[in-house]
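A.B. asks: Here are the chains, one letter per residue:
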Amino acid sequence: MEFLLNFIERTGAKAAGWWSTTYGIVSFLTDVLSTITRHTTWNRATLDTIAKQIYFTAVQILHIYIIYVMAISWVIITITLSTARNVGLFDAATEMIIRVLLLELLPFLTALLIALRSGSAINTEVALMKVNNELDALSHCKVEPMQFEFLPRIAGGVISVIGLTVLGSVLTTILAYLSIYGMSATGFSTFSTTIATVFSVNILLGLAVKCTFFGLAVTTLPMAAGIETPKKLFMVPVSVLRGMMRVFLALVLIEVLSLALKYI
Amino acid sequence: MFKNLHLKVGLFVITVLVLSLGFLLYVMHARGFFEQRQHLNLAAASADGISPGMALTFSGMPIGQVSSVNLNDAGGIVIKAEVSQDGARWLRVDSTFTLDKPLVGGAKIKVSSPNLSSPQLPDNSTVLLLVTDPTQEIPALIERVKNILANVEHITRQDGELNGALANVKTITGRMNGKYGVLEGMLGSEENARPVVASLKNLETLTKRLNDVSAKVDAMLAKTDRWLFAEDGLSEQSKQALAQVRAMLTDAQGSLKRVDALLKNAVDISANVKDGTQDLGKLRADIDEAVRKANDLISDINRMWPFSKDADMKLP
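Quick mapping for you: the protein sequence lines, in order, are chains A and B.
Under this note's numbering, think of the first position of the first sequence as 1, with each following residue one higher.
Under this note's numbering, think of the first position of the second sequence as 1001, with each following residue one higher.
No lab work stands behind these hints: they were computed from the structure.
In this text, a Cβ means the ideal position worked out from N, Cα and C, and glycines have one as well.
Careful: at least some of the hints might be erroneous.
[What the hints assert, rightly or not] A short, non-exhaustive set of chain A residues, derived as facing chain B with CB atoms under 8 angstroms:
hint	residue
1	54
2	55
3	59
4	62
5	63
6	64
7	91
8	93
9	163
10	166
11	170
12	192
13	195
14	197
15	204
[Said to hold, decoys possible] Only part of the chain B face toward chain A is listed, based on derived beta-carbon distances under 8 angstroms:
hint	residue
16	1012
17	1023
18	1050
19	1051
20	1053
21	1055
22	1065
23	1103
24	1105
25	1106
26	1114
27	1116
Please build the complete structure, drawing on both the sequences and the hints.
C.D. replies: Right under this line is the structure:
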C-alpha cells in the first residue's frame, strides 16, 4: 500500500515538475513574443546586442563551420553517388543528395553545432546571472533582461542558424554539382530540373520554418533552463545539463515532425 | 578584442541575404517562373503512378514536368504538364507520350518524336498518354512461369518420362559400349547383333563373288558382241538369210499364182469335164511341184532362223 502511495506521489511530483517546466518555457516564449511585438524593443542597444550575438554565434565559427559542412557534405555526396552508381540509380542521386543533405542533415547539424557551442554558453551565463542575482539587479535598474539580454540572444541565434544553413546549403549545392558533373555546364539544366522538382514553395517555406524553430530551440530552451535555476551555484551544471537535454529532444522532435509533415 | 565586429556581422548578414535571394531566384528560374512554358494536357485511362512533379523526358533529358493530376467533372483524368521553352521544340504533332514505370526507379513520361520535321505541337494541346507498366504483366507472367515449372516438375519427377527416357538412353549407350557398338544398342543385345554382323560378312563375300561374276559376264558380252556384229557374225548371216527368204517368198508367190491359174483351169475343167480330163495328169504334177516348193521353203526358213529349235547355234 505504502509502495503504491509512494509511486503515485512520485508520478505526481514528476508531472508537476514537467508542468512547471512546460509552463515556464511557454510563459518565457510568450514574454519573448510580446517583447518582439513591442515597438520600443527595437532600439539601437537591442540591435547592437543582436549584432554581437550573431558575431559570437555565427561569424566567429564561420571558418570552422565551412570546413565542417564541406567535409560532411563531401563524404555523404561521395557515398551517395558511388552507392547510386552501384545499384543503377544514378539518376536519383542528385535528388537524394539534395533531399538528405540540404533539407534534413545540414539544418539539423547546424542547429546541433550552435546548441553545443552557444546554447550551452547561454544556459550557463543565464544560470550564473540568476544565481548571482544579476537578473534581479537589472530589473531593479529598469533594464529589462528580456529586452537587453534574452531577446538579442534569441534573435541572434535564429538568424545565425538560418544564415549558416543557407551558407552551408549553397556550398553543398555547388559541391554536389561539381561532384556529379565536374567543371562543365552540361548538366546544369538536368541539375536545375532536379532542384526545381525538390524545392517547391511548400518545401522552401517548410525549410525556413524549420530553421527558425531550430534557432528558437537552441536559444530559448537553454535560456529558460537558466532562468529556472535555483539560486545555488552547484545547481548551474544541473541547469545546463537539463537545458541541453531539452534542446536535443526539441531538435529531434522538430526534425521528426518536419519529416512526418513532408513524407507522411 | 572585437575588431570590426559590425563590419563582419554586416558582411555575414549581407552574404546570407544575397545567397538566399540568389538561391530563391535560381529555384524560381529552375521552376520556370521567368519563362513562358508550354502547357500540355495528357489524356490517360488511369492516373495510377502519375504524380505532380513527375518528369517529362526526351531522349533521357528532362524537358518538363507534370504540374497537376486531377479528376474532371465527368470523372476523367486531367493531367497537366509544363514543358520548358527549350524543351518544347522537341514536341511535334506526331510525338508519342509514354508513361514509363520501371521496376526500379521513379516513373517518368517519355516523349519520343520520330519525325522532327513534323510541325510543332501547339500550346495547350491534348495528347494521349500511353502506359507501359511491366508490373501489370507480372501476375500473368508468374502464372505462365508457374505452369512451365509445373510441367518441368512433372517431366522431371522420379518416375517421370524424362527419367525413363534418360534411363533408356543410359541402357542404349551402355549397350553401344559393347562388342557390337551402335548395332547392339539398336537391336537390344549382343545375341541379336551377332547374326546381323554375320549377314554383313556374308554380304561381303557375296559382293565379292558378284564382282567376279560381273567380270565374267563382261568378258562374255564382249565375245557375244564380237560374234554377233563381226563381218561373218550372226548379224551378217541373218541379213543374208532374210534376203534369201525374200527371194523364196517371191518364188512362192509365183508358184501360188500358177496354182491360182490351175485352180481356175480346174473350175473350167469341172465345168467342162468332158473335154478337160486330158489335162488332169499335168495339173496334178503342177500341184505336187508347188506343194514341194512350199515345203522346201518352210524347211529352209526353219533351218535359217537363228532361234529355231534345231538351230545350229551354241553359246560360247
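A.B. asks: Next step is simple, just say for each hint if it's right about the structure.
C.D. replies: Verification of the hints:
1. 54: Nearest chain B Cβ about 5 angstroms off; hint holds.
2. 55: With Cβ-Cβ at 5 angstroms, under 8 angstroms, it holds.
3. 59: holds, 5 angstroms
4. 62: Since chain B brings a Cβ to about 7 angstroms from residue 62 of chain A, closer than 8 angstroms, the hint holds.
5. 63: Status violated, d = 12 angstroms.
6. 64: This interface hint is violated because 14 angstroms lies over the 8 angstroms limit.
7. 91: holds, 7 angstroms
8. 93: Violated, because the Cβ-Cβ distance from residue 93 of chain A to chain B comes to roughly 11 angstroms (cut-off 8 angstroms).
9. 163: holds, 4 angstroms
10. 166: Check passed: Cβ of residue 166 of chain A comes within 5 angstroms of chain B, closer than 8 angstroms.
11. 170: Constraint on residue 170 of chain A satisfied, holds at 5 angstroms.
12. 192: holds, 4 angstroms
13. 195: Nearest chain B Cβ about 5 angstroms off; hint holds.
14. 197: holds, 5 angstroms
15. 204: Residue 204 of chain A check passes; min Cβ-Cβ to chain B is 7 angstroms, inside 8 angstroms.
16. 1012: holds, 5 angstroms
17. 1023: holds, 6 angstroms
18. 1050: violated, 14 angstroms
19. 1051: violated, 11 angstroms
20. 1053: holds, 5 angstroms
21. 1055: holds, 7 angstroms
22. 1065: Nearest chain A Cβ about 7 angstroms off; hint holds.
23. 1103: Hint on residue 1103 of chain B: violated, closest Cβ of chain A at ~11 angstroms, above 8 angstroms.
24. 1105: holds, 6 angstroms
25. 1106: Holds, about 7 angstroms.
26. 1114: violated, 23 angstroms
27. 1116: This hint is violated: residue 1116 of chain B lies away from chain A, its Cβ roughly 19 angstroms from the closest one there, beyond 8 angstroms.
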